[in-house]
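J.: Make the full structure from the sequences, and use the hints.
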Amino acid sequence: MTAKRLVGGGWQRTLSFGVLLLLWQLASLAADPRKLPSPRTVAGVLVDGIADGSLPYHIGITLARVAVSFALAMSIGIAIGIAMGRRPRLDRFFDGWLVLFLNIPALVTIVLCYVWFGLIEAAAIAAVALNKIPNVIVTLREGARALNRDHLEMAEVFRLGRAKTLRHIVLPELFPFIVVAARSGLALIWKIVLVVELMGRSNGVGFQIGTFFSLFDVAGILAYTIAFVAVIQAIELALLRPLERRANQWRR
Amino acid sequence: MAAVNELHIDIVLKRFPAVGQASAVTAIKGLRFAVRSGEFVCLLGPSGCGKTTSLNIIAGLDSDFDGTIALPRAAGRPRPVIGYVFQTPRLLPWRTVEENIALVLDPAQARPGIVDELLKATGLTESRHAYPERLSVGMARRVALARAFAVAPDLLLMDEPFVSLDEPTADRLRALLLEIWQARPTTVLFVTHDTREAARLADRVVVLTAAPGSVQSIVAIDTPRRDRAEPEVVDRIRRQIAQPAPSA
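Protein chains in written order, with the numbering used here: chain U, 1 to 252; chain A, 1001 to 1248.
Source of the hints: derived by calculation from the structure; they are not laboratory data. Be careful, since some hints might not be right.
Below, in silico cross-link-like pairs of lysine to any residue (SDA-like), each with a Cα-Cα straight-line distance of 25 angstroms or less [to be verified]:
#1 Lys164(U) with Pro1212(A)
#2 Lys164(U) with Gly1038(A)
#3 Lys164(U) with Arg1095(A)
Listed next, with one range per pair, are the computed distances between beta-carbon atoms [claimed, not checked]:
#4 Ala1018(A) with Ile104(U): 41 to 47 angstroms
#5 Trp250(U) with Arg1032(A): 58 to 64 angstroms
#6 Ala1229(A) with Leu239(U): 55 to 61 angstroms
#7 Ala1070(A) with Arg246(U): 24 to 30 angstroms
#8 Arg1079(A) with Arg246(U): 35 to 41 angstroms
#9 Ala1070(A) with Leu237(U): 56 to 62 angstroms
#10 Pro1093(A) with Pro242(U): 18 to 24 angstroms
#11 Val1019(A) with Arg251(U): 30 to 36 angstroms
#12 Ala1220(A) with Arg162(U): 39 to 45 angstroms
We put the CB at the ideal spot given by N, CA and C, even for glycine.
T.: Pasting the structure below:
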C-alpha cells in the first residue's frame, strides 16, 4: 500500500516537473533568449560549471557557511529558548529584546555586522546566525513552557541530575520543536547566506549570482539556483528526514 | 532523637494558596506518624484528604509546608534514596522498558545485573525492548514498579499505583509487589482509598480524616499475609480498620 503510493507519487512528481520544464521551454522560445535562456542552455552552463570545478567550489563554500551558522544558531537558540521557557522571570525580562530582534530586518544585521567586524568570515557567519537565533528561541520557548511536569517530577524524585534530565527528558521531549526550528532554519539560513555573500564575500553562490547579475548572465543565475536547490533538497532528504524518523521510532 | 532508619512525618500545616477564583485550601493539618524500618504502611483515606500531597511533601517535590520530615537512610549513603511509583506509570515513551529502568540508576553505584533481575522478577524480560506505548496498562505499571525497586530505595512511596486496573490484574500486581518487596525489603508508604487493598497489603494502616487530612486512627494488622487471600479474612480486617478496637 505504502510502496504503491510512493511509486504513484514519484510518477506524478516526474510528470509535474516535466510540465514545468515544457512551460519554461515554450516561454524561452517566446522571450528574448538573453532574458530567459532555454532549459538546454542552462543545462549546458550547469555541466560546464561542474566540469571546470567552479560550481562545486562555490556551492561547497556556501554549504560550509550554512552548516556553521546553522549549528551556531540552533545551539544558541535552543539553550536560550529552554532557559526562557523554564524561567518566567527571565522570560519576562528578555521578552521585549526578543521581539526587537525578531523584527530587525536581515539586511540591517548583515550591514551592521560588516561595519562593526569588517568584511571577514566571522562577521558573515555571525550575521546569518543572528538572523536565525530569535526564531529558534521562540519555537523552543513554546516547547519548554509545555514540558511534561510528570516526567520532570519523576526525574527529581529519582535524582537524575541536570545533565541526565536535559539529555534524556527535556531534549527528547523538545525534539519535535527542534525539528520545526531546524526545517524552517535551513530554509531561512541558506537564503540569507546568499545575501551575506553578495554583500561582503568573494566566493560562494551569492557572490557568483552577484557577478552574473553584473554581466547580465541569466543562464548562470539559473544554473546556480537549480544546482543549489537540488543540494539543499538532498540534504533535507538524506539528513533531516532519516534523523526525524529515527527519533520518532517509539511512536505507535 | 529519632533513629535514622525510621520515617518520621510531622506536617503541621499545608495550605494551597488562592489561585484566581479558587479560594485557599487547607489540605493537611497536624498529620503526624512514623513508619518503622522495613515496615509496610498504608495511608488510607477518602479522595481529597491530602494523601498525594503528603507523598509529594515526603518525596521532596513540595517544600512549601510547615513541619518536618525525617527520611530513612541506609548506612553509607550520603542521602536517602527514594523510589516512587506514581498514580500513572510516568514512563518516558521514547525509551524502551529496559532503558526506562536503567535511566534512574547511577552507573557508579548500581549493582550490575540489577535491571535483568528486576525484568525477570516482574515478568518483563520478553518485553525489555518494547516502547511503553505498546505495553498494556498492567505491564506499564510493572515497569514503574521495577524502576522504583531498581534504585534499592530506603523508602518506597506508592500513590494508588493499581488504581483504574481491572480487579484481577490489580490483584496480581499486589501479589507481585509483595513478592518483590519480600525479596528486597524496604520501608513502604502506600497510599490508597481502597480499604480492601490496605487490608491485603499493610503491616499497619494509617487512616486519615477528610480534608484537612490528619490521622484518625492507626491500625496494626497481625494476620500473616499468606492468610489474607481469603475474602472472609480480608473482610474481618476491613471491619477492624473501619472501627479499630481500643486494644488494637
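J.: Against each hint, give a clear statement of whether it holds in the structure.
T.: Hints, one by one, checked against the model:
Restraint check: the Cα-Cα separation between Lys164(U) and Pro1212(A) comes to about 37 angstroms, which exceeds 25 angstroms; the hinted pair is violated. Of the pairs offered as hints, the one joining Lys164(U) and Gly1038(A) is violated, with about 30 angstroms between alpha carbons and a cut-off of 25 angstroms exceeded. Taken as a hint, the Lys164(U) and Arg1095(A) pair is honoured in the structure, with Cα atoms around 13 angstroms apart against an allowance of 25 angstroms. For the pair Ala1018(A) and Ile104(U), the beta carbons lie near 42 angstroms from each other, so the given range of 41 to 47 angstroms is met.
As the Cβ distance of Trp250(U) to Arg1032(A) is approximately 44 angstroms, the hint placing it in 58 to 64 angstroms is violated. Distance hint check: the CB atoms of Ala1229(A) and Leu239(U) are about 59 angstroms apart, consistent with the given range 55 to 61 angstroms. Distance hint for Ala1070(A) and Arg246(U): a CB-CB separation of about 47 angstroms, inconsistent with the stated range 24 to 30 angstroms. One distance hint, 35 to 41 angstroms for the beta-carbon pair Arg1079(A) and Arg246(U), holds here, with the actual separation near 37 angstroms.
Between Ala1070(A) and Leu237(U) the beta carbon distance is about 59 angstroms. The supplied range of 56 to 62 angstroms therefore holds. Checked against the hint of 18 to 24 angstroms, the pair Pro1093(A) and Pro242(U) passes, with Cβ atoms roughly 20 angstroms apart. Taking the beta carbon of each, Val1019(A) and Arg251(U) are about 34 angstroms apart, inside 30 to 36 angstroms as hinted. Between Ala1220(A) and Arg162(U) the CB atoms are about 43 angstroms apart, so this pair conforms to the stated range of 39 to 45 angstroms.
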